[in-house]
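Chains as they are written, first to last, in my numbering: chain X, 13 to 140; chain H, 13 to 140; chain F, 13 to 140; chain V, 13 to 140; chain S, 13 to 140; chain U, 13 to 140.
Honestly, the hints are just simulated from the structure, not real lab data.
Check each hint, because a few of them may be wrong.
Since the list gives no way to pick out one identical chain from another, each pair is judged satisfied if it fits inside one copy or across any two copies.
[Stated by the list, open to error] Below 20 Å or equal to it, Euclidean Cα-Cα: the simulated SDA-like pairs (lysine to any residue) are:
#1 K24 - T88
#2 K24 - A45
#3 K24 - S14
#4 K46 - D133
#5 K24 - V130
#6 K24 - A132
#7 K24 - R66
#8 K24 - T137
#9 K46 - R129
Number of protein chains: 6
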Amino acid sequence: MSTSEERRETGKAIQGQLWPAVLTGPTGQFPAAKLAPDFFDIVQQTAFGELWARPGLAVRDRSMITVAMLAALGHTDELRAHLAGALNVGISREELVEVLMQVSIYAGVPATGAALRVAADVLGTPDE
Amino acid sequence: MSTSEERRETGKAIQGQLWPAVLTGPTGQFPAAKLAPDFFDIVQQTAFGELWARPGLAVRDRSMITVAMLAALGHTDELRAHLAGALNVGISREELVEVLMQVSIYAGVPATGAALRVAADVLGTPDE
Amino acid sequence: MSTSEERRETGKAIQGQLWPAVLTGPTGQFPAAKLAPDFFDIVQQTAFGELWARPGLAVRDRSMITVAMLAALGHTDELRAHLAGALNVGISREELVEVLMQVSIYAGVPATGAALRVAADVLGTPDE
Amino acid sequence: MSTSEERRETGKAIQGQLWPAVLTGPTGQFPAAKLAPDFFDIVQQTAFGELWARPGLAVRDRSMITVAMLAALGHTDELRAHLAGALNVGISREELVEVLMQVSIYAGVPATGAALRVAADVLGTPDE
Amino acid sequence: MSTSEERRETGKAIQGQLWPAVLTGPTGQFPAAKLAPDFFDIVQQTAFGELWARPGLAVRDRSMITVAMLAALGHTDELRAHLAGALNVGISREELVEVLMQVSIYAGVPATGAALRVAADVLGTPDE
Amino acid sequence: MSTSEERRETGKAIQGQLWPAVLTGPTGQFPAAKLAPDFFDIVQQTAFGELWARPGLAVRDRSMITVAMLAALGHTDELRAHLAGALNVGISREELVEVLMQVSIYAGVPATGAALRVAADVLGTPDE
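Could you build the full structure based on these sequences and the hints that come with them?
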């Protein structure tokens with residue numbers, strides 16, 4: 013049995029692995045969080061505190077499938093955040109490019125094209 | 013039996029409830045309407061004049077499900093217009109936030125995140 | 013602060029409004045629940061216990077937007093369950109048909125066609 | 013200015029080109045049409061009577077892009093009907109296979125795979 | 013049996029029909045191509061060199077269905093490029109507007125609205 | 013520089029890891045392959061022979077992200093095949109359940125529900 017506060021702490025720990033430099037959480041000051049603070053609290057407790065935190069799959073594997081899904085579904089804003097997070101949990105730029113190339117088989121070439129445009133911005137390019 | 017002109021008038025009346033401050037209709041001057049004026053005429057006649065105008069469901073209910081669908085499908089430009097329209101037909105900002113939070117169950121967390129970013133801009137945030 | 017058990021009870025109460033005749037919950041015997049019992053427990057706690065249960069929007073409104081989203085997204089299995097649930101929380105067959113017709117504007121005619129085929133089965137047709 | 017009845021006649025003529033052997037229209041006896049007769053009437057008037065009937069693009073071209081879109085969006089029931097319709101407006105089985113193969117570039121390999129399974133049933137295979 | 017180099021040449025010839033003014037290919041300098049040069053090489057060899065180049069369907073028809081699919085799937089960046097390409101392979105502005113209007117039947121009004129906003133920019137409007 | 017035949021051999025080797033008991037390839041006898049043999053040949057050469065075979069990401073990782081994407085996109089037929097393939101390249105049933113649970117965060121609860129129904133059939137349930 014877990015309390016809300018326990019789940020928040022667990023979620024915050026996972027978020028800290030993905031985005032160590034960001035002060036995360038329901039008290040964030042961006043406009044969407046001010047409009048719907050409970051939503052970001054529930055996401056922290058459930059998405060991060062209950063699902064991402066489960067021991068049955070490594071955080072690295074969860075990060076990799078998250079990047080693939082966000083690219084396949086066209087959620088480029090979230091993709092941007094999770095590409096940065098993926099680097100922080102140990103997935104290399106070269107592996108992320110392979111993940112995005114694999115997306116093209118299942119979601120089509122334009123999905124990979126859009127994801128690579130975001131990735132070039134987040135990850136930089138080889139000769140930079 | 014309805015004529016084109018009757019449907020246009022009915023559609024215009026519904027559009028006027030949603031967006032009273034906007035001069036709507038097929039003669040609008042935005043570029044897409046200049047490129048395809050017939051399309052916006054058909055939308056006015058059919059989407060608004062035939063479907064939205066049907067008496068079997070309140071305009072408020074149609075507005076609410078439209079906001080939910082646009083958020084779930086990721087149509088953020090249309091969502092922006094329909095969030096403003098929803099306020100005009102009597103749905104409160106607090107209810108709209110609840111609608112968008114419910115979207116996350118069925119379309120995923122990123123769909124709600126993207127919708128809340130638009131909503132924070134259209135609806136403002138509580139302490140503004 | 014809420015515990016897992018409190019959320020489960022709240023979620024079960026909402027599920028009981030939607031589907032009073034069904035014994036719901038994580039101990040259900042259908043194969044997917046046996047494969048992933050924790051998933052259905054988390055859904056009960058979070059989707060039903062935290063989101064559907066929030067007081068800011070009526071269960072009837074949540075049911076209506078859920079039906080619209082499931083039709084728009086093409087999730088016909090879930091749609092089947094939620095059409096039955098919608099009747100149980102007071103939405104009429106005629107209103108549900110209007111909801112599904114409205115879907116065609118935003119998700120296209122085939123989405124409504126597929127939803128109406130499910131609805132004809134769940135809701136029956138007028139002369140039955 | 014067109015009346016409802018004029019649009020119905022125009023729509024019925026287009027439907028007759030696509031599906032000459034089928035008695036179409038709002039009085040059809042399939043369950044979804046009994047549940048929502050107005051919906052199929054509006055589709056006949058608008059989708060067929062106003063959009064498909066426009067002179068600016070050949071019915072053959074409209075049929076071809078419709079098959080591509082339905083495959084890309086995964087609407088397999090509607091795809092089945094429109095593959096049969098495409099043959100009736102002069103698109104060959106070989107061309108339809110090319111259309112479905114092109115879908116894989118933009119919507120991914122599984123979209124084409126699902127469409128080809130339907131097509132093998134509707135169109136038959138070369139040595140049959 | 014085809015070699016990589018033969019497929020590249022075939023693909024480049026198709027790309028040259030669609031976008032004659034652009035120096036295309038894997039050595040392009042845009043950031044995504046620098047990040048994932050192999051991806052754009054595979055697209056040139058396969059999407060253009062093997063699928064678009066097949067003789068069973070005219071390039072004009074492939075262009076038309078591609079525009080329809082990109083609009084239906086909401087890939088606006090790729091749509092922009094393929095609207096320009098469609099003009100270059102002989103599809104008129106008026107036909108492209110008809111294609112995008114047809115999209116609304118199968119993918120909904122907002123898909124056409126978003127596509128027309130891109131099209132107004134790429135194609136210009138009638139009185140310009 | 014690779015020839016068609018080399019790519020086919022490489023693709024066949026990857027397919028053999030995923031589905032060792034199946035005679036795969038363009039000569040398969042299922043109806044879709046008889047209708048469009050070239051399509052399945054291109055998939056073998058490109059999807060498997062060029063993308064899956066790249067050394068920059070393990071086949072296990074490619075399998076895991078493929079399962080996640082297919083579940084997120086609702087391609088249940090392909091998901092069925094790739095769940096079986098995932099077991100063959102060393103991903104456990106328990107890990108696959110975790111992958112599918114993670115899908116619910118990004119694509120919604122119904123996507124995971126549909127995937128678990130397929131998975132219960134392919135993977136069996138714990139007490140079987």
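Taking the hints in turn, this is what the structure says about them:
{"no.": "1", "hint": "K24 - T88", "result": "neither (23 Å within a copy, 29 Å between copies)"}
{"no.": "2", "hint": "K24 - A45", "result": "within (16 Å within a copy, 29 Å between copies)"}
{"no.": "3", "hint": "K24 - S14", "result": "both (15 Å within a copy, 18 Å between copies)"}
{"no.": "4", "hint": "K46 - D133", "result": "between (28 Å within a copy, 11 Å between copies)"}
{"no.": "5", "hint": "K24 - V130", "result": "neither (26 Å within a copy, 26 Å between copies)"}
{"no.": "6", "hint": "K24 - A132", "result": "neither (28 Å within a copy, 24 Å between copies)"}
{"no.": "7", "hint": "K24 - R66", "result": "within (14 Å within a copy, 24 Å between copies)"}
{"no.": "8", "hint": "K24 - T137", "result": "neither (31 Å within a copy, 24 Å between copies)"}
{"no.": "9", "hint": "K46 - R129", "result": "between (30 Å within a copy, 10 Å between copies)"}
Hint compliance for this structure: hints 1, 5, 6 and 8 are not met, and every other hint is.
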